[in-house]
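Asker: Chain by chain, the residues:
2 protein chains.
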Amino acid sequence: MYKIAFDVMGSDLGPKIAVESALEFLKNKKDLMIVFVGDKTQIESVLKEEKNVDPSQYEIFSTTEVIDMHGSIFDVKRKKDASLVRALELVKDKQVHGMLTGGNSGAFLAGSHFILGELPGITRPGFMPTFPTAVEGKVTLFLDAGANNDNSAEDLYNYAKLATTYSKAVLGVKSPEVGLLNVGTEEGKGKDLQKDAWKLLTADKSLNYKGYIESREMLTGVVDIMVTDGFSGNIALKAMEGTSKLLLTTIKATVMKSFVAKMGALLMRGVFKEVKRKFDYKDHAGAILIGANGIVFKSHGSNDIQGFVSTLRMTYDAVKNDVLVKMKKEMGIQ
Amino acid sequence: MYKIAFDVMGSDLGPKIAVESALEFLKNKKDLMIVFVGDKTQIESVLKEEKNVDPSQYEIFSTTEVIDMHGSIFDVKRKKDASLVRALELVKDKQVHGMLTGGNSGAFLAGSHFILGELPGITRPGFMPTFPTAVEGKVTLFLDAGANNDNSAEDLYNYAKLATTYSKAVLGVKSPEVGLLNVGTEEGKGKDLQKDAWKLLTADKSLNYKGYIESREMLTGVVDIMVTDGFSGNIALKAMEGTSKLLLTTIKATVMKSFVAKMGALLMRGVFKEVKRKFDYKDHAGAILIGANGIVFKSHGSNDIQGFVSTLRMTYDAVKNDVLVKMKKEMGIQ
Chain A
1131 MYKIAFDVMG SDLGPKIAVE SALEFLKNKK DLMIVFVGDK TQIESVLKEE KNVDPSQYEI
1191 FSTTEVIDMH GSIFDVKRKK DASLVRALEL VKDKQVHGML TGGNSGAFLA GSHFILGELP
1251 GITRPGFMPT FPTAVEGKVT LFLDAGANND NSAEDLYNYA KLATTYSKAV LGVKSPEVGL
1311 LNVGTEEGKG KDLQKDAWKL LTADKSLNYK GYIESREMLT GVVDIMVTDG FSGNIALKAM
1371 EGTSKLLLTT IKATVMKSFV AKMGALLMRG VFKEVKRKFD YKDHAGAILI GANGIVFKSH
1431 GSNDIQGFVS TLRMTYDAVK NDVLVKMKKE MGIQ
Chain B
1131 MYKIAFDVMG SDLGPKIAVE SALEFLKNKK DLMIVFVGDK TQIESVLKEE KNVDPSQYEI
1191 FSTTEVIDMH GSIFDVKRKK DASLVRALEL VKDKQVHGML TGGNSGAFLA GSHFILGELP
1251 GITRPGFMPT FPTAVEGKVT LFLDAGANND NSAEDLYNYA KLATTYSKAV LGVKSPEVGL
1311 LNVGTEEGKG KDLQKDAWKL LTADKSLNYK GYIESREMLT GVVDIMVTDG FSGNIALKAM
1371 EGTSKLLLTT IKATVMKSFV AKMGALLMRG VFKEVKRKFD YKDHAGAILI GANGIVFKSH
1431 GSNDIQGFVS TLRMTYDAVK NDVLVKMKKE MGIQ
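Same order as they appear, the protein sequences are chains A and B.
Numbering of the first sequence is given in this note's numbering, commencing with residue 1131 and proceeding in unit increments.
Numbering of the second sequence is given in this note's numbering, commencing with residue 1131 and proceeding in unit increments.
Everything labelled a hint here was simulated from the structure, so no lab data went into it.
Among the clues, some could well be false.
Because identical chains cannot be distinguished in the list, a pair is counted as satisfied if it fits within a single copy or across any two copies.
As the list claims (entries may be wrong) - No farther apart than 25 Å at their CA atoms in a straight line, the calculated lysine to any residue pairs in the SDA-like style are these: (1) 1321 x 1430; (2) 1268 x 1375; (3) 1392 x 1379; (4) 1133 x 1219; (5) 1321 x 1236; (6) 1406 x 1379; (7) 1382 x 1262; (8) 1375 x 1392; (9) 1375 x 1402; (10) 1403 x 1414; (11) 1392 x 1265; (12) 1319 x 1240; (13) 1382 x 1352; (14) 1406 x 1351; (15) 1382 x 1371; (16) 1392 x 1410; (17) 1375 x 1413; (18) 1375 x 1341; (19) 1325 x 1306; (20) 1207 x 1235; (21) 1207 x 1318; (22) 1387 x 1399; (23) 1408 x 1383; (24) 1298 x 1411.
It should be emphasised that the depicted structure is a prediction, and the values quoted were computed from it without experimental measurement.
Generate coordinates for the entire structure from the input sequences, incorporating the hints supplied.
Answerer: Here is the structure:
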């Protein structure tokens, strides 16, 4: 039985959506138990409403404090009984195989650092979401998506190594191709960071390094892994999200202005469904904090059920494929 | 009569497209003369094919050398008679009011630096393209889009000042709103660069500074001007371009798989035309090098006629609105 702790208190919308998402996900995962970490009364009131819940598939770990979206990173030290803190402690104490939270990113990063620490050799863990690509069934692992403001070339090199292990173990990619985000594809482009990372990545023959990739190529599925610093990564990812959302919204709004277009949109329903399925960010709403000494995931706090279920799936896949042990081995730790 | 020098040799596709674009643009601009800078024989052979060309609206400045896309920045010093070099010299010698090129970016930046120099107080000119937004008729000026790898907070502050002058003079915006690209909107987010730039921008009450903007908001038309460093700017812009292109391509490809969807697309033709018109990057294919001591524009080398015409329009608008003099005044130079 795999065990995952779910901090259900951090999400913007309260624990209801989080608990419902977990119950939805559990339906088809008979080898999984979820530990709901949070306010017992609130969690139980959601559970009471649900039928067909297998009581052997969940536990409640009752906590009395919450670090909300406006909380500070120091709350991790101040609020000993916060759901986020307790969920991380369950990972540390090996009571669970992994955890996820929809809560405060800063507190999550600080909590992971203080409670779990990092894998030896890693100084700055990175957020690694996946995003869908134009190639059917292919996702790209992208990091750092914003856990850090600054990264060193060594960080980027370590990200490539950890993500390669993850890609092999969890996604089953045999020889994951690695790209380095830059403003051009020719050698010599970019800042010292990119040039130094290029050297490290080229020197390690165990990596399938493909060179620089421009952000306009990111979604084409040209590589399995894209590494960059947390600042650029956050800028690139949000630009993609914003553009995709705005384009689809604009198409919808323009359709509504004309009867003929509405008829057309009806006939094109299958197309939009397909495109949405392909590029839906809600199906990629979570990110592992890679480099942390534990399997810990951050989900968007504004998630709906689809978003939380996608993060639960990623956490489950990482746990089931024993990715932490494999990453430790890759980093030379037995 | 306004005079603009057009380096027609730099483009990937040869001078034909460039000359044809200029003739197309000249049709409705009777107060403009274009100086074609490049190989006389090639230019004349394109001109011969065209009817209805008013010979008082163009001149040819014959050159014997070319700096192509693979040229180095040192070619600016080595190739004295390169079309790019001559076009920049025409600006310096006040033979023309401005110039544009579809050529090599690196050589263009080096040439502008050596031949024109910068406005006093400016150390790193920036590429400033415009991009369309969700707000009908509103474009956002965006800089630096990649002229530099690194920028200081002072650069970003100067960009805000120059772009504000440009927005007022060329776009007629009364009080242009300025945003600073960052990974979050709260004060304290980002690197030292963003924090220091925030201070400078907040302190100058002549600017209409609106604070940090995330890249997912860029296309919403939330501000008139977005400033950032050249590395992040390039990443953000290309991510937007790539996403927009890929989404529309995917919709098209998915439509082609089904007869019903094809019928739907036919009925939705007006919608796609409208969306394409709104977000067509080809209508925004040029960028002024702002901070250079002259009105100089870079157009994509891979442009078609639509792309070059859009850059010609921007150059013409900048020249006609005397933007260099206004920027000099803003920077305290009479």
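Asker: Out of the numbered hints, which ones does the structure contradict?
Answerer: none
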